[in-house]
Amino acid sequence: MDVFEAIEKRYSYRGPFKDVPVPREHLRKIVEAGIRAPSGKNAQTTSFVIVDDPQLIQRIASLFENKPVCITAKAMIVCVTDPRPVMGNVSFHIEDCAAAVENMLLAITALGYATVWIDGALRYNRIAERIGEMLGVPAELQVRVLLPIGIPAEPGQQREKLPFEKRAWFNRWGATQ
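Converting from the sequence shown to this note's numbering requires adding 1399 to each position, the first position being numbered 1.
Mixed in with the good hints, there may be bad ones.
[As the list claims (entries may be wrong)] DSSO-like, lysine-lysine: derived pairs with alpha carbons at most 27 Å apart:
#, residue 1, residue 2
1, Lys1417, Lys1473
2, Lys1408, Lys1466
3, Lys1408, Lys1473
4, Lys1560, Lys1408
5, Lys1428, Lys1440
6, Lys1428, Lys1466
7, Lys1440, Lys1473
8, Lys1466, Lys1417
9, Lys1408, Lys1565
[What the hints assert, rightly or not] If you anchor each label on the Cβ, the simulated ranges turn out as follows:
#, residue 1, residue 2, range
10, Pro1537, Gln1457, 20 to 26 Å
11, Ile1434, Arg1483, 15 to 21 Å
12, Arg1571, Met1486, 19 to 25 Å
13, Lys1428, Leu1455, 20 to 26 Å
14, Leu1561, Met1533, 36 to 42 Å
15, Pro1537, Asp1418, 30 to 36 Å
Hint data in this document are derived by calculation from the structure and do not stem from the laboratory.
A virtual CB, placed ideally from N, CA and C, is assigned to each residue, including glycine.
Please model the entire structure based on the sequences and the hints provided.
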């Protein structure tokens, strides 16, 4: 699958996964895609914990209220950021993480798996911190994104996107030509 096909086919999957493991070689390939993402000042502020231990997956899943995508995940990738400033007092850790996650979303799609980008839910009830504690993440770093991974048990498709003409213009905002 080429990159444009992966972009077209990528969707956020929130349903259950089939009981099929994700091989470590695929998990490594997915995370390598994240590692190759650009980062501000090349500071490479995003690191990854790959979780494929079923008991640990269940411990993480138990932090969320009835999320089939977490409960049935065959693997998870936890994205950890270092919020240290890299240019004066400016940190790019959120942007760095987002670039890495997008690369991984496309790699996940290209390999025939599905996932959903879990970020906001990590901010409630100290879930991000609790995951960090489970995984031994140093206190000065932040668990930022969780990607549960597997083969979807239900069909899914990308939600409709607004057309180009409503979101992009050449040379001037709202220009029709």
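Results of checking the hints against the structure:
1. Lys1417 to Lys1473: holds (8 Å)
2. Lys1408 to Lys1466: holds (23 Å)
3. Lys1408 to Lys1473: holds (21 Å)
4. Lys1560 to Lys1408: holds (12 Å)
5. Lys1428 to Lys1440: Since the Cα atoms of Lys1428 and Lys1440 sit roughly 24 Å apart, the hinted pair holds (cutoff 27 Å).
6. Lys1428 to Lys1466: holds (26 Å)
7. Lys1440 to Lys1473: violated (34 Å)
8. Lys1466 to Lys1417: With a Cα-Cα distance of about 15 Å, the restraint between Lys1466 and Lys1417 holds, given a limit of 27 Å.
9. Lys1408 to Lys1565: holds (21 Å)
10. Pro1537 to Gln1457: 20 to 26 Å: Given range 20 to 26 Å: holds, Cβ gap about 24 Å.
11. Ile1434 to Arg1483: 15 to 21 Å: holds (18 Å)
12. Arg1571 to Met1486: 19 to 25 Å: violated (30 Å)
13. Lys1428 to Leu1455: 20 to 26 Å: holds (21 Å)
14. Leu1561 to Met1533: 36 to 42 Å: holds (39 Å)
15. Pro1537 to Asp1418: 30 to 36 Å: holds (34 Å)
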